[in-house]
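Sequences listed follow chains A and B, in order.
If you're matching positions, the first sequence starts at 1 in my numbering and goes up one per residue.
If you're matching positions, the second sequence starts at 1 in my numbering and goes up one per residue.
Derived by calculation from the structure, the hints in this document are not laboratory data.
All of these numbers come straight from a predicted model, not from anything done at the bench.
Glycine residues also receive a C-beta, built at the ideal position from the N, C-alpha and C atoms.
Misleading hints may appear alongside valid ones.
Here are some of the chain B residues that sit facing chain A, going by a computed Cβ distance under 10 angstroms [stated by the list, open to error]:
{"hint": "1", "residue": "Val14"}
{"hint": "2", "residue": "Glu112"}
{"hint": "3", "residue": "Arg134"}
{"hint": "4", "residue": "Val138"}
{"hint": "5", "residue": "Phe209"}
{"hint": "6", "residue": "His212"}
{"hint": "7", "residue": "Trp213"}
{"hint": "8", "residue": "Lys255"}
{"hint": "9", "residue": "Asn257"}
{"hint": "10", "residue": "Ala260"}
{"hint": "11", "residue": "Leu278"}
Taking lysine-lysine pairs in the PhoX-like style, the calculated list, with each CA pair at most 20 angstroms apart, reads [unchecked claim]:
{"hint": "12", "chain 1": "B", "residue 1": "Lys93", "chain 2": "B", "residue 2": "Lys106"}
{"hint": "13", "chain 1": "B", "residue 1": "Lys59", "chain 2": "B", "residue 2": "Lys49"}
{"hint": "14", "chain 1": "A", "residue 1": "Lys298", "chain 2": "A", "residue 2": "Lys99"}
{"hint": "15", "chain 1": "A", "residue 1": "Lys200", "chain 2": "B", "residue 2": "Lys214"}
{"hint": "16", "chain 1": "A", "residue 1": "Lys190", "chain 2": "B", "residue 2": "Lys214"}
{"hint": "17", "chain 1": "A", "residue 1": "Lys227", "chain 2": "A", "residue 2": "Lys105"}
{"hint": "18", "chain 1": "B", "residue 1": "Lys271", "chain 2": "A", "residue 2": "Lys227"}
{"hint": "19", "chain 1": "A", "residue 1": "Lys282", "chain 2": "A", "residue 2": "Lys298"}
{"hint": "20", "chain 1": "B", "residue 1": "Lys194", "chain 2": "B", "residue 2": "Lys255"}
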Amino acid sequence: MRPKVHKTWIESVPPRSVRYALACRVVTNANGHLKSEGPFVTSRQAKAYRTPRGGTDCTKLSRLFLLVIAIIFLSQLGHSVAQTQTSPTGVLRLRVKVKIGEATKGLARKRFYLLKGTLDQNKVVIDAAEQSPYVSRDCFYSKLGASQQLIDWLKAGDCESVYCREVEEEFVNGPKAVPEFVTAYAAGEKEFGQSNIGRKWLTNNLPPPLRDGFYRDRRNALDALLKQAEMASGAHPLSTMTDRNGTAYFTDLEPDTYVLTSLLPIEVGASLDMWKCELQIKPGDIATEKPYQVSNKKDRLVRCVAVEKPIPVCQK
Amino acid sequence: MSTPQQKILAALCVAVVAFLNMGSQRQSSRTRPTPAPIDYSKFSHNTKKHQAACDTCHKIPTPRWQQTSTYPDITDYPGHDACVSCHRPQFFKGAKPVICSVCHVKTSPRDEARLPFRNPGVKLEFSIEFPHDRHQDVIALLNFRGNESLSAFAHARRSWEDKLPTYNNCEICHSQRGVPSPPAAGWADGFQPKPETFKSVPTGHDSCFNCHWKSQQPVATNCAGCHKLAPSTFTPVTVPTRISLKFMHEGGGAKQNHVADCASCHINITKSASVRGLKPDVPITSCTECHAKAGVREDLNQELAAIDKNKAFVCTYCHTSNVGSLDPPASHYLIAQRPPLKRKDIK
Numbered sequence: 001m002r003p004k005v006h007k008t009w010i011e012s013v014p015p016r017s018v019r020y021a022l023a024c025r026v027v028t029n030a031n032g033h034l035k036s037e038g039p040f041v042t043s044r045q046a047k048a049y050r051t052p053r054g055g056t057d058c059t060k061l062s063r064l065f066l067l068v069i070a071i072i073f074l075s076q077l078g079h080s081v082a083q084t085q086t087s088p089t090g091v092l093r094l095r096v097k098v099k100i101g102e103a104t105k106g107l108a109r110k111r112f113y114l115l116k117g118t119l120d121q122n123k124v125v126i127d128a129a130e131q132s133p134y135v136s137r138d139c140f141y142s143k144l145g146a147s148q149q150l151i152d153w154l155k156a157g158d159c160e161s162v163y164c165r166e167v168e169e170e171f172v173n174g175p176k177a178v179p180e181f182v183t184a185y186a187a188g189e190k191e192f193g194q195s196n197i198g199r200k201w202l203t204n205n206l207p208p209p210l211r212d213g214f215y216r217d218r219r220n221a222l223d224a225l226l227k228q229a230e231m232a233s234g235a236h237p238l239s240t241m242t243d244r245n246g247t248a249y250f251t252d253l254e255p256d257t258y259v260l261t262s263l264l265p266i267e268v269g270a271s272l273d274m275w276k277c278e279l280q281i282k283p284g285d286i287a288t289e290k291p292y293q294v295s296n297k298k299d300r301l302v303r304c305v306a307v308e309k310p311i312p313v314c315q316k
Numbered sequence: 001m002s003t004p005q006q007k008i009l010a011a012l013c014v015a016v017v018a019f020l021n022m023g024s025q026r027q028s029s030r031t032r033p034t035p036a037p038i039d040y041s042k043f044s045h046n047t048k049k050h051q052a053a054c055d056t057c058h059k060i061p062t063p064r065w066q067q068t069s070t071y072p073d074i075t076d077y078p079g080h081d082a083c084v085s086c087h088r089p090q091f092f093k094g095a096k097p098v099i100c101s102v103c104h105v106k107t108s109p110r111d112e113a114r115l116p117f118r119n120p121g122v123k124l125e126f127s128i129e130f131p132h133d134r135h136q137d138v139i140a141l142l143n144f145r146g147n148e149s150l151s152a153f154a155h156a157r158r159s160w161e162d163k164l165p166t167y168n169n170c171e172i173c174h175s176q177r178g179v180p181s182p183p184a185a186g187w188a189d190g191f192q193p194k195p196e197t198f199k200s201v202p203t204g205h206d207s208c209f210n211c212h213w214k215s216q217q218p219v220a221t222n223c224a225g226c227h228k229l230a231p232s233t234f235t236p237v238t239v240p241t242r243i244s245l246k247f248m249h250e251g252g253g254a255k256q257n258h259v260a261d262c263a264s265c266h267i268n269i270t271k272s273a274s275v276r277g278l279k280p281d282v283p284i285t286s287c288t289e290c291h292a293k294a295g296v297r298e299d300l301n302q303e304l305a306a307i308d309k310n311k312a313f314v315c316t317y318c319h320t321s322n323v324g325s326l327d328p329p330a331s332h333y334l335i336a337q338r339p340p341l342k343r344k345d346i347k
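Work out the full structure, taking the sequences as your base and the hints as a guide.
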């Protein structure tokens, strides 16, 4: 049988303390005498009995319990914040297409960067990028004294370095042979005693500047600009490379203003193209939405158009 | 606080706090165990005295590498001199010195046979550092010059090999592989993946040394340029974890539509500076370009619709039941232009 709760207690206890009471004795009215029953009761029991759970001792106990709970909560807070704090991020899907003559195709295998901040905030970096002198690949290797055959071999594959494509047999032997490859091949064959390895490992025996000098020069220039960009914005620049269709993704982006840029100009046909556009990433921007169109020509859907310059003439 | 019950409650609270903090205290106050006797049958690169320059012990290439390899490589254990300078006492301890068993099949002066190098029975000690982004930059950087055929790239070598140069691409390291041994628990649903399913990962030095043998850092003698001592030994993963086990890299019907540029689907690979924490990162959009086309192929939509009708429906077009019976992620619903649902909320 449910004990009858003493009315006076119910009326005298403010509702707030009822809420806080978690473990007190049940106080019942038994034959006109106040009597406490049972050991501790659970909050559910207390609620069921609608017991006042007031009184000085009980309130103190409740407060003590709350204090302990608060300490536990605070001590665990650091961990839980680190574990559960997630902010909504966005995705930027690039679709880079370029028009050369009448043909329009995706710009394949090109790296794009995302600098945090506005164009104005990144002005120093963009200005530095624009002012950095550009030497074309052909010009670079020509100045190094590369043979015309090597320059042609790189050009045929539009390669920045010799790592771009396999050196086939015909380029170490016969009329199409590239002098630099012939020398490196001979050195490899002598070193390894196997012609097959001599050819496959040919790049190991090429002079470094001829091997990947153009790529390294660009890489060094990019590294300097990226460092500058990081100092300017306080955030590490992000980068991605387009696939064969000219599509690329930036993922896990904090909602903010960014500058999309190629940093260094890219040779597109007979032009040097450089992109620098300000854009906004909003929380929840997703890759399934319309892609962010990038091109070298203005168009209704294009949101970032390149600044074009002619490729400088090689100064021999 | 005078009643016994209140005291008990207070004590209980203190005990709870003490228990919750015990973990951290245990970490900080852990006493150093008494050093165990050294087991000389087990070699560890973690031992401080084993952390000298790699070529102190390993000769690169190993003499007579031609006997076991098709290219110059580290093919065998270091010679006795690498060990004996410090371990002379262990070398001459008893009739069968236990230290010999690190490299030798038998601990006998008359039997020189060595264990395979590296010994597959021993856990790995080194993890690999490989910047995909740098490698992606140097291989096959194509400048578009209006030549349509040049805009295609990885995997596409098949179709142009008669007329175009062979470009280096992801396939120089990741080619088609045989079906790996099934996981310990077997393949989910007994589904046997086909050979076209997986791509390989390099397991030797051949795909590194062709460029990094010498002069291009990290070179062969700079082992630490790629190999980093892991915090603990580990067994390499031989079975790739696949969410969509039914996807085949070399699949996509008669036209092999899955054979495409790797970076088209693995969207984050071109910015990965390390293999640490590397994930496949294939968004659903890579699939739905073909598999969620209204009126053409509606594989995704059909399965989501089936869940609407039957919350126990298992998606089987791409997944095995261990994955297909879970709630589809929000991205799947989003691309299908449906509101995200949880199975438990479907009546």
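Status of each hint after checking the structure:
Residue-level restraint check for Val14 of chain B holds (minimum Cβ-Cβ distance to chain A is 8 angstroms; threshold 10 angstroms). The beta carbon of Glu112 of chain B comes no nearer than 25 angstroms to any beta carbon in chain A, farther than 10 angstroms, and the hint placing it at the interface is violated. Nearest Cβ of chain A to the Cβ of Arg134 of chain B: about 8 angstroms, under the 10 angstroms cut. The hint holds. Interface hint status for Val138 of chain B: upheld, as the beta-carbon distance to the closest one in chain A is roughly 4 angstroms, under 10 angstroms.
Hint status for Phe209 of chain B relative to chain A: holds, with the closest Cβ pair at about 7 angstroms, below 10 angstroms. Among the interface hints, the one on His212 of chain B holds; its C-beta lies about 8 angstroms from the nearest C-beta in chain A, closer than the 10 angstroms criterion. Interface restraint check for Trp213 of chain B: the shortest CB-CB distance to chain A comes to about 4 angstroms, inside 10 angstroms, so the restraint holds. The restraint placing Lys255 of chain B at the interface with chain A is violated, with a minimum CB-CB distance near 16 angstroms, outside the 10 angstroms limit.
Using the Cβ-Cβ criterion of 10 angstroms, the hint placing Asn257 of chain B at the interface with chain A is not satisfied: the shortest such distance is roughly 14 angstroms. With a least beta-carbon distance of about 8 angstroms to chain A, the hint placing Ala260 of chain B at the interface is held under the 10 angstroms criterion. Contact between Leu278 of chain B and chain A, as hinted, is not supported at the beta carbon level, the nearest pair being about 14 angstroms apart and thus beyond 10 angstroms. A distance of roughly 15 angstroms separates the Cα atoms of Lys93 of chain B and Lys106 of chain B; the hinted pair therefore holds under the 20 angstroms criterion.
Between Lys59 of chain B and Lys49 of chain B the alpha-carbon distance is near 18 angstroms, which keeps this suggested pair within the 20 angstroms criterion. Our distance criterion of 20 angstroms between C-alpha atoms is met by Lys298 of chain A and Lys99 of chain A, whose separation comes to about 10 angstroms. With a CA separation close to 14 angstroms, the supplied pair Lys200 of chain A and Lys214 of chain B stays within the 20 angstroms bound. About 15 angstroms separates the Cα atoms of Lys190 of chain A and Lys214 of chain B, which keeps this hinted pair within 20 angstroms; it holds.
Proximity of Lys227 of chain A to Lys105 of chain A is assessed by CA-CA distance (about 32 angstroms); at most 20 angstroms being required, the pair is judged violated. Restraint check: the Cα-Cα separation between Lys271 of chain B and Lys227 of chain A comes to about 16 angstroms, which is no more than 20 angstroms; the hinted pair holds. Distance check on the hinted pair: Lys282 of chain A and Lys298 of chain A sit about 25 angstroms apart at the alpha-carbon level, beyond 20 angstroms; violated. Between Lys194 of chain B and Lys255 of chain B, the direct Cα distance comes to roughly 17 angstroms. Compliance with the 20 angstroms bound is thereby established for this hinted pair.
Of the numbered hints given earlier, the model fails hints 2, 8, 9, 11, 17 and 19; all others are met.
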